[in-house]
Amino acid sequence: MKRALAAALLAIPLLAGAQPVVYDKSEIRFVSRQMGVEVEGRFRRWKASVDLRASDLAQSRVDFDVDLASIDLASEESEAEARRADWFDTARFPAATFRSSSVRAAGPDRYEVTGKLAMKGVTREVVVPVAMRKDASGNAVAEASFPVKRLPYRIGDGPWSDPSVVADDVLVRARIVIGK
Amino acid sequence: MESRFVALRDYSDCPDSALLGQSPPMNAPARYGRVAMLLHWMAALLIAAAAGLALTMTDLPLSPAKLRYYAWHKWIGITVFLVAAVRLAWRSYAPPPPFPHAMPRAQVLAARAVHALLYGLMLVIPLSGWIYSSATGVSVSYLNLVPLPNIVARDKALASALLTVHQALNLMLATLLVVHVGAAIKHRWVDRDGMVSRMLPR
Chain V
1 MKRALAAALL
11 AIPLLAGAQP
21 VVYDKSEIRF
31 VSRQMGVEVE
41 GRFRRWKASV
51 DLRASDLAQS
61 RVDFDVDLAS
71 IDLASEESEA
81 EARRADWFDT
91 ARFPAATFRS
101 SSVRAAGPDR
111 YEVTGKLAMK
121 GVTREVVVPV
131 AMRKDASGNA
141 VAEASFPVKR
151 LPYRIGDGPW
161 SDPSVVADDV
171 LVRARIVIGK
Chain E
1 MESRFVALRD
11 YSDCPDSALL
21 GQSPPMNAPA
31 RYGRVAMLLH
41 WMAALLIAAA
51 AGLALTMTDL
61 PLSPAKLRYY
71 AWHKWIGITV
81 FLVAAVRLAW
91 RSYAPPPPFP
101 HAMPRAQVLA
111 ARAVHALLYG
121 LMLVIPLSGW
131 IYSSATGVSV
141 SYLNLVPLPN
151 IVARDKALAS
161 ALLTVHQALN
171 LMLATLLVVH
181 VGAAIKHRWV
191 DRDGMVSRML
201 PR
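One line per chain: the protein sequences are V and E, in this order.
Just so you know, the working numbering puts 146 at position 146 of the first sequence, and the rest follows in order with no gaps.
Just so you know, the working numbering puts 174 at position 174 of the second sequence, and the rest follows in order with no gaps.
Honestly, the hints are just simulated from the structure, not real lab data.
One should not assume that every hint holds.
As the list claims (entries may be wrong) - If you anchor each label on the Cβ, the simulated ranges turn out as follows:
(1) V:Ser101 with E:Gly52: 40 to 46 Å
(2) V:Arg83 with E:Leu60: 39 to 45 Å
(3) V:Gly158 with E:Leu171: 33 to 39 Å
(4) V:Pro159 with E:Ala44: 31 to 37 Å
(5) E:Leu171 with V:Val31: 33 to 39 Å
(6) V:Asp86 with E:Arg154: 22 to 28 Å
(7) V:Glu27 with E:Thr164: 40 to 46 Å
(8) E:Arg154 with V:Ser102: 34 to 40 Å
(9) E:Ala168 with V:Ala106: 43 to 49 Å
(10) E:Leu200 with V:Arg83: 52 to 58 Å
On a predicted model such as this, the values are computed, not experimentally measured, just so you know.
Every residue, glycine too, gets a C-beta built ideally from N, C-alpha and C.
All chains should be modelled from the sequences, with the hints used to inform the complete structure.
Given below as structure tokens:
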């Protein structure tokens, strides 16, 4: 199962001109609220295909495939729960995908990436604000932070759908480092 | 029997007594005052509730109920801490009634020691729970209103050690409460010396 998934992730066609992602410096984290308390997590395995060029925004694109079973939470018990049918249902829906449809400038070193975020068989359009900067070694760092509502995706279904226990809003924070 | 150490007192010098009814707010001789009684029984109920939740929640499979019970357990624990702190402040303002002269010295010392340990545990156990929660990576927010800072960073080994500490302290508390309640039962039904009625509203 894991191997098949890895193969599937690797099979994302590399776009012409795609920029190299430095995975060990990049991360996809999220913050959810449980009983009023922020709980952080992240995904250990994901793959991105990034082609962000200020000079050619029309051709720029950002695609993500996130291996949902690779979720990292406070405990193994919560990770196992997150893979179950009420949550991500990773047996049936192993990956979350984002496919950008347009990238537009939103100020100096700022962009707005519009695209389709698909999870658990539901696809919704999201607009992701991205800030670009350079790190000490000259890599380009793209940072994005945007809210995702979990309930429209039926993530945390059944008894978990009560937003007073786990809030509907989940803040996704991504930092993608693109090598020179 | 009781008249041996219940000193009679004229409450007319206490301006609140008329408004508050029979028990004056300050500790009158030989009886705890209203505030001390209220705080004592609040602590008793809160500790019982926290213990009941603790024994239920830990064995539950991960579920919304489990998350709710853990949050409630933490909120109640923080409240126990606050009540204990207020009680200590109140004790210094309105000292508790002295032990009856007839009570053997050893018993007085034992009672004092148990009370001191109970206060200590009511303060230390919630703190140990807070540090433990920090170590598991789950922050605490009192009543969803007051976010508490994490005392330590997320650390699995530390968390499991702190859980053992939290449990050991609670075992101590349970043992001391058996002694505390056992002594109350002895005073009430064996010695029949009126000690327990000092903490009971008339």
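Here is how each hint holds up against the structure:
1. Look at Ser101 of chain V against Gly52 of chain E: about 54 Å separates their beta carbons, and that is not inside 40 to 46 Å.
2. A hinted range of 39 to 45 Å for the beta carbons of Arg83 of chain V and Leu60 of chain E is inconsistent with their spacing of about 19 Å.
3. Gly158 of chain V and Leu171 of chain E have their C-beta atoms about 37 Å apart, which keeps the hinted 33 to 39 Å range intact.
4. Separated by about 33 Å at the C-beta atoms, Pro159 of chain V and Ala44 of chain E satisfy the suggested range of 31 to 37 Å.
5. Here the CB-CB span from Leu171 of chain E to Val31 of chain V is close to 36 Å, well matched to the stated 33 to 39 Å.
6. Evaluation of the 22 to 28 Å hint for Asp86 of chain V and Arg154 of chain E yields a pass: the beta carbon distance comes to about 25 Å.
7. At roughly 33 Å, the beta carbons of Glu27 of chain V and Thr164 of chain E sit outside the given window of 40 to 46 Å.
8. A hinted range of 34 to 40 Å for the beta carbons of Arg154 of chain E and Ser102 of chain V is consistent with their spacing of about 39 Å.
9. One distance hint, 43 to 49 Å for the beta-carbon pair Ala168 of chain E and Ala106 of chain V, is violated here, with the actual separation near 56 Å.
10. Range check, Leu200 of chain E to Arg83 of chain V: Cβ separation about 54 Å, and the 52 to 58 Å hint holds.
Of the numbered hints listed earlier, those contradicted by the structure are 1, 2, 7, 9.
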